Amino acid sequence: GNSVTQMEGPVTLSEEAFLTINCTYTATGYPSLFWYVQYPGEGLQLLLKATKADDKGSNKGFEATYRKETTSFHLEKGSVQVSDSAVYFCALGNTPLVFGKGTRLSVIA
Amino acid sequence: DAGVIQSPRHEVTEMGQEVTLRCKPISGHNSLFWYRQTMMRGLELLIYFNNNVPIDDSGMPEDRFSAKMPNASFSTLKIQPSEPRDSAVYFCASSFGGYTFGSGTRLTVV
Numbered sequence: 192g193n194s195v196t197q198m199e200g201p202v203t204l205s206e207e208a209f210l211t212i213n214c215t216y217t218a219t220g221y222p223s224l225f226w227y228v229q230y231p232g233e234g235l236q237l238l239l240k241a242t243k244a245d246d247k248g249s250n251k252g253f254e255a256t257y258r259k260e261t262t263s264f265h266l267e268k269g270s271v272q273v274s275d276s277a278v279y280f281c282a283l284g285n286t287p288l289v290f291g292k293g294t295r296l297s298v299i300a
Numbered sequence: 152d153a154g155v156i157q158s159p160r161h162e163v164t165e166m167g168q169e170v171t172l173r174c175k176p177i178s179g180h181n182s183l184f185w186y187r188q189t190m191m192r193g194l195e196l197l198i199y200f201n202n203n204v205p206i207d208d209s210g211m212p213e214d215r216f217s218a219k220m221p222n223a224s225f226s227t228l229k230i231q232p233s234e235p236r237d238s239a240v241y242f243c244a245s246s247f248g249g250y251t252f253g254s255g256t257r258l259t260v261v
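These protein sequence lines are chains A and B, in that order. Residues in the first sequence are numbered from 192 upward in steps of one, following my numbering. Residues in the second sequence are numbered from 152 upward in steps of one, following my numbering.
Keep in mind that the hints were calculated from the coordinates and are not lab data. Quantities reported herein were computed from a predicted structural model and do not represent experimental measurements. Heads up, the beta-carbon is just placed ideally off N, CA and C, and yes, glycines get one too. Don't take each hint at face value.
For each label pair, taking beta carbons as the anchor points, the in silico distance ranges come out as [as the list claims (entries may be wrong)]:
no., chain 1, residue 1, chain 2, residue 2, range
1, B, Phe225, A, Leu237, 32 to 42 Å
2, A, Thr211, B, Glu169, 26 to 36 Å
3, A, Ser205, B, Gly249, 25 to 35 Å
4, B, Val204, A, Asn193, 18 to 28 Å
5, B, Phe247, A, Lys251, 19 to 29 Å
6, A, Ala208, B, Ser238, 34 to 44 Å
7, B, Pro221, A, Lys251, 19 to 29 Å
8, A, Leu237, B, Asn222, 40 to 50 Å
9, A, Ala208, B, Arg173, 40 to 50 Å
Extracted from the complex, chain A is given alone in its bound form:
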């Protein structure tokens, strides 16, 4: 079945540092891929998505590229801010979505 593996956290970075959160997947076919973000005390929000191989999703300075050859969808941001502190979830599929375990990011000033 479909599954997602994302890097263990927590990740702690200084403001303006470069961020990478790794995500790899196992799937039959070519499902859509997503990154969701969860701020403290809130539900998950869609951050970005990609629906086919080589697509790049982007939003709020975050990017991820759907890599079929490496079955990966790594999340990157060139310069993180304190306000980016949250838990990030990689997910795949359509209905229902399959989520990774989440990676907690803390950005310190």
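Following the hints, complete the assembly by docking chain B onto the known chain A.
Below, chain B alone, put in the same frame as chain A:
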């Protein structure tokens, strides 16, 4: 749109009591999902509905858990009897293409 509305936001109950969590999906969304989030197991899909019909309940941990969707604007997740290991944050999400999550119900069973 007010988004997906869950109630209550917090629930503390004693072991053995019945607990009912409620969800109002976004109008027009035809799929509804119940997830449970814990530190140990992450986000787990419990059950989902399509057009009010349960499609997959294989994630429901045991018979103590039940879910209903009597109409397109309301769903409940019930735990009877509750146990301390049920303590978690329970999320409802609705979908018509993309997913929208509610803010969750934090359940503590003591």
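Which earlier hints can't be squared with this structure? 1, 2, 7, 8
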